[in-house]
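*Asks:* Sequences are here, hints too, so could you generate the full structure?
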Amino acid sequence: MRWYHIDRFVEFVSGQRAVSIKTVSLTEDHIHDYWPGYPIFPSTLIVEGLAQTGGLLVGEMVGFERCVILAKVSRATFHELAVPGDRLTYTATLETQTPEGAIIKGTSHKDDILQAEINLVFGFIPERMEGVQQFYPADFLATMRKFGMFDVLQTPEGEPKLPPAFMLEAEKEALESGILGDEIAPPSA
Amino acid sequence: MAPSSEEIYKTVNEILDETLVPDDPVKPESTLLGDLGAESIDFLDIMHQLEKSFDLSLNREDFYPDDILTDEQFVQEGRVTDAGVAALKERMPYADLSSFENDPSLKNFGDLLTVQDLCQMVVHKLALGGDAE
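Those protein sequence lines, which keep their order, are chains Y and F.
Under this note's numbering, the first residue of the first sequence is numbered 1, with each subsequent residue one higher.
Under this note's numbering, the first residue of the second sequence is numbered 1001, with each subsequent residue one higher.
These aren't lab readings, by the way, just hints derived from the structure by calculation.
Some hints could be false.
[Said to hold, decoys possible] Calculated pairs, DSSO-like style, for lysine-lysine (alpha carbon to alpha carbon, straight line, at most 27 Å):
hint, chain 1, residue 1, chain 2, residue 2
1, Y, 72, Y, 105
2, F, 1052, Y, 72
3, Y, 105, F, 1010
*Replies:* Set out below in structure tokens:
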């Protein structure tokens, strides 16, 4: 199992808002373990899904050059349960940003129904950790492509936006050296 | 129309209750870190809520003036000098620094701001027109 709690981005406006979808499936193990006998999608993983959506919104905003951590769940209110077969739409909207971090206002909708409201505070890892590589750029970019981020990423003016140059360069090197397999090769590479 | 002192205190109280969820009731003399358990990241949240509620613009230095507290002219051997205290008073007229003046050790500054100071900060900023200094 992989720690992906969103399936795909459907909207991503740099520095403003990101919308992702998560389809709840009965095949997910945690659904069976959360309330045994009553399969529901754990609310904590809805928080995680919005944290992934919002965290990537914050990370993209700074060109993925700073490490972003979820620092605080300011508010988490759940109005509806999520069960297998539901498609959740997570919307993360940037409320504010400072040199120390950012605040995201998040919602989860089940069709047109407001399922949850979750506000999150993200922090940038302090300067003493800057320069410590937290991930391999080519791997990270491959994951973002799986999420379809760059299919929908655009500037606030509506222009398509490419991944950061350092990630594209790392991806090119990885492809040339055969580290990245064909199955995760970028469609336009 | 500017909010009254009572309205400011009530709103600040609500913000602190929601952002910090303290074990004990919020009182005017409660310190944000020591009494209410705020952590550094909470200040981002508190700052944002204050900005939204009062239509203000704040920055981190309003809570912790890094530039003064890391300046060798103002801090020597872990203690804030007289000139440093004067600079803090000028920068933070809303903060009650009287107890800090008795023992201006840098480590004492972290747990200085009280709920009342936060209310005074709002009054001060509103009087300046709401902008960050």
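*Asks:* Determine for every hint whether it applies to the structure shown.
*Replies:* Verification of the hints:
For the proposed pair residue 72 of chain Y and residue 105 of chain Y, the alpha carbon gap of about 12 Å is at most 27 Å, so the pair holds. In summary, the hint linking residue 1052 of chain F to residue 72 of chain Y is supported, as the alpha carbons are separated by about 19 Å, within the 27 Å threshold. Taken as a hint, the residue 105 of chain Y and residue 1010 of chain F pair is honoured in the structure, with Cα atoms around 24 Å apart against an allowance of 27 Å.
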